[in-house]
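Enquirer: Those protein sequence lines, which keep their order, are chains A and B. Be aware that the first sequence starts at 151, since it is given in the numbering used here, and climbs by one per residue. Be aware that the second sequence starts at 331, since it is given in the numbering used here, and climbs by one per residue.
Calculated from the structure, these hints are not laboratory results. Hints may contain errors.
Claimed, not checked - Take a look, some chain A residues computed to stay more than 12 Å from chain B by CB distance: (1) Asp277; (2) Glu319; (3) Lys355.
Stated by the list, open to error - No farther apart than 25 Å at their CA atoms in a straight line, the calculated lysine to any residue pairs in the SDA-like style are these: (4) Lys440(A) x Lys452(B); (5) Lys406(A) x Leu507(B); (6) Lys235(A) x Gly533(B); (7) Lys452(B) x Lys388(A); (8) Lys381(A) x Leu507(B); (9) Lys388(A) x Gln341(B).
Beta carbons: idealized from backbone N, C-alpha and C, even for Gly.
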Amino acid sequence: MKLNNTLLAAIGLAFAATAAQADINVGVIVSATGPAASLGIPEKNTFALMPTTIGGEKVNYIILDDASDTTTAVKNIRKLITENKVDVIIGSTITPNSLAMIDVTAEAQTPMISMAASARIVEPMDDKRRWVFKTPQNDAQMSTAIVEHMTNSGVKTVAFIGFADAYGEGWYEQFKSVAEARKLQIVGSERFNRNDTSVTGQVLKVMSTRPDAILIAGSGTPAALPQKTLKERGYTGKLYQTHGVANNDFLRVCGKDCEGTFLPAGPVLVAAQLPDSNPVKKPALEYIAKYEAAHGKGSVSTFGAHAWDAGLLMTAAIPEALKKAKPGSAEFRAAMRDALEGIKELPAAHGIFNMSPTDHLGFDQRARVMVQIQNGTWKLVQ
Amino acid sequence: MVRRGFVMDFQIALLLGQDGITNGAIYALLALALVLVFAVTRVIFIPQGEFVAFGALTLAMLQSGALPATVWLLVGMGVVAALLDGGAALKSGQSKKLIGVAGWNLAYPLGLAALLAALPLKDIPMLAQVLLALAIVVPMGPLMYRLVYQPIAAASVLILLIVSVAVHVGMVGLGLLFFGAEGQRTPPFSDARFEVGPLLVSGQTLWVIFASLALIVALYLFFERTIYGKALRATAINRVGARLMGISPSLAGKLTFLLAAFIGALSGVLIAPITTIYYDTGFLIGLKGFVAAIIGGLASYPIAAIGAVMVGLLEAFSSFWASAYKEVIVFTLIIPVLLWRSLTSRHVEEDE
Chain A
151 MKLNNTLLAA IGLAFAATAA QADINVGVIV SATGPAASLG IPEKNTFALM
201 PTTIGGEKVN YIILDDASDT TTAVKNIRKL ITENKVDVII GSTITPNSLA
251 MIDVTAEAQT PMISMAASAR IVEPMDDKRR WVFKTPQNDA QMSTAIVEHM
301 TNSGVKTVAF IGFADAYGEG WYEQFKSVAE ARKLQIVGSE RFNRNDTSVT
351 GQVLKVMSTR PDAILIAGSG TPAALPQKTL KERGYTGKLY QTHGVANNDF
401 LRVCGKDCEG TFLPAGPVLV AAQLPDSNPV KKPALEYIAK YEAAHGKGSV
451 STFGAHAWDA GLLMTAAIPE ALKKAKPGSA EFRAAMRDAL EGIKELPAAH
501 GIFNMSPTDH LGFDQRARVM VQIQNGTWKL VQ
Chain B
331 MVRRGFVMDF QIALLLGQDG ITNGAIYALL ALALVLVFAV TRVIFIPQGE
381 FVAFGALTLA MLQSGALPAT VWLLVGMGVV AALLDGGAAL KSGQSKKLIG
431 VAGWNLAYPL GLAALLAALP LKDIPMLAQV LLALAIVVPM GPLMYRLVYQ
481 PIAAASVLIL LIVSVAVHVG MVGLGLLFFG AEGQRTPPFS DARFEVGPLL
531 VSGQTLWVIF ASLALIVALY LFFERTIYGK ALRATAINRV GARLMGISPS
581 LAGKLTFLLA AFIGALSGVL IAPITTIYYD TGFLIGLKGF VAAIIGGLAS
631 YPIAAIGAVM VGLLEAFSSF WASAYKEVIV FTLIIPVLLW RSLTSRHVEE
681 DE
């Protein structure tokens with residue numbers, strides 16, 4: 151019991167010490183384990199590459215793992231706010247966790263930059279979402295790119311195979327609404343699980359409707375299974391994937407069965423192929439160089455770049471906020487929020503940020519490109 | 331959902347049937363292992379599926395030319411087991427036993443690690459890679475029994491189950507650490523394809539089905555004809571009686587876990603070319619094997635095997651008719667089975 155008390159006192163002192171410093175504390179929540187680990191790990195690695203001093207102030211990154219679990223994410227953000235007194239939160243990796251964190255961050259009046267995709271994180275704008283920003287493109291932007299590409303290449307009927315979770319459902323809703331508006335007929339819609347060992351049933355059913363094109367909505371290597379099964383069963387139509395597969399592991403697992411597949415992606419995926427006039431090229435290449443220097447060639451993924459972009463937003467906002475208040479205060483956090491909202495024409499790895507009071511993502515069509523898989527690499531479609 | 335006139339023609343039914351039987355064969359192997367482990371040791375072996383993932387991913391790592399991290403886990407487990415067993419042997423003055431203890435728990439893993447480091451892993455024949463993968467993963471079974479279950483062998487089924495859950499969570503975590511979050515696929519054993527009527531059957535599918543059948547026959551012969559098999563059966567039927575006849579419960583436990591690990595790792599090696607395996611794939615495959623084992627009442631091997639094929643077929647057909655509800659349909663199957671079992675079977679108090 152006595153030992154316990156001493157321990158507690160020591161821990162209390164340690165926390166008091168962290169809080170007493172006037173450094174800028176950045177709370178980071180990533181899903182580095184659990185189902186979203188393939189997204190969360192590159193994000194976590196990216197924070198090690200971020201600047202440790204901004205505007206002359208020391209920056210501390212406190213990184214917590216939420217294990218892809220919503221309850222843990224909420225517990226972590228509460229801990230970051232009450233114990234670490236963070237000035238800004240970056241996280242989480244996935245949509246359900248980010249949505250659950252909105253209430254906490256708004257209550258504590260701390261700005262938060264999410265690295266998850268869903269538009270619902272920042273829309274519709276209300277009193278709580280005033281405090282929330284995000285860096286990945288909305289699914290709507292990506293599905294519009296797919297539908298445009300389909301209609302331009304003469305596709306009339308399309309079938310959908312997606313994850314049996316929020317990712318697949320979200321994509322189906324977005325894709326359906328855009329496709330219907332453009333008179334593209336959806337002839338089949340099937341679901342599969344990340345861990346499925348066979349998708350023969352779904353593939354046979356989709357193929358029985360003879361679609362011109364098939365869109366597979368899954369993230370990471372699991373999205374390779376339907377594509378491999380489709381090829382095995384002799385499907386010869388066009389195949390589309392989502393930006394969720396944009397990492398090199400997907401190319402490795404899918405192999406030659408993915409040749410010719412189209413997908414929309416952030417420009418960072420094909421940064422080297424962008425024309426020099428594209429303002430995204432420089433920050434994207436800079437990120438890739440930094441990441442690969444630390445983790446080896448070919449290790450970079452677009453998910454880590456969402457974290458990098460969150461870092462760029464933060465780096466741009468901190469000097470502005472420092473003019474108004476000292477870190478660690480409510481005034482500083484409010485100034486941080488205002489500075490984030492005021493960011494204009496900031497080039498980042500995935501696009502160009504133009505924030506406004508109604509748009510806390512700030513990306514336009516410059517934040518996406520169509521990419522085709524050719525010879526086992528990503529090729530920019532002009 | 332979009333509804334159109336989906337016709338299930340004969341060819342589609344055949345393809346789904348083939349798919350279901352292939353998956354069912356793997357579930358059958360795992361169900362047999364689960365029944366075996368439960369019968370001999372009363373452990374509901376939740377980490378069974380992890381051996382599938384470890385086997386497949388270790389093979390994938392060997393094929394990419396990397397030294398599989400699982401070998402260090404084996405070394406670590408061996409060291410702890412050697413300390414425990416060696417200490418016990420010294421205390422009781424049986425220094426002769428020390429050689430055996432050190433040989434199995436220290437020399438074998440370290441020798442294997444040295445062999446792996448020396449071999450050009452990428453270029454050796456696939457059969458050798460498969461054997462090496464098995465040589466790494468399979469000994470973890472008996473070591474796991476020694477370290478985790480043997481000290482609590484007399485505990486209640488519930489405690490053994492809780493410990494199993496802990497081992498499962500631990501192994502999934504280690505899997506993420508060893509293999510990373512992304513999936514792996516290995517090249518098929520053969521690229522042969524056979525046309526059977528309207529069906530195109532891949533060589534790998536036949537490998538899965540025949541290997542499963544061969545393993546089932548081999549297990550049957552093992553239990554019927556060999557002294558160790560008979561010892562395991564005796565332990566399964568009456569633990570105390572078997573002990574009185576001189577059958578060591580810890581030997582029976584280690585042997586059972588050796589078989590379970592072998593079945594798991596072999597299943598993993600067999601399905602790695604058909605599907606993408608992740609560090610956490612094993613759990614769901616194991617769970618479906620568990621549904622089959624429950625159909626067999628955790629006691630009957632033939633009913634468990636039939637149940638496994640049923641699970642596989644149900645899964646294949648429900649993925650065609652209602653893909654979004656596939657898992658729901660498969661796991662709901664367990665409810666009528668349990669109802670029927672509890673209505674028809676006489677309740678036996680477990681003697682603990």
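Enquirer: Take the hints in turn and mark each one as holding or not.
Expert: To see whether the hints hold, each was checked on the structure:
Against chain B, the non-interface label of Asp277(A) holds: every CB pair exceeds 12 Å, the least being about 36 Å. The beta carbon of Glu319(A) is not kept farther than 12 Å from every beta carbon of chain B, the shortest such distance being approximately 9 Å. Its closest Cβ contact with chain B, about 5 Å, brings Lys355(A) to no more than 12 Å, contrary to its assignment away from the interface. Taking the CA atoms of Lys440(A) and Lys452(B), the gap is about 30 Å. The hint is violated against a cut of 25 Å.
Simply put, Lys406(A) and Leu507(B) have alpha-carbon atoms about 28 Å apart, too far for the 25 Å limit, and the pair is violated. With a C-alpha separation of about 60 Å, the suggested pairing of Lys235(A) with Gly533(B) is violated against the 25 Å cut-off. Annotation: proposed proximity of Lys452(B) to Lys388(A) is violated, straight-line Cα distance about 35 Å (limit 25 Å). For the given pair, Lys381(A) sits about 32 Å from Leu507(B) by alpha-carbon distance, which is inconsistent with the 25 Å threshold.
Among the hinted pairs, Lys388(A) with Gln341(B) is consistent with the structure: their alpha-carbon atoms are about 24 Å apart, no more than 25 Å.
Violated hints for the displayed structure, listed by number in ascending order: 2, 3, 4, 5, 6, 7 and 8.
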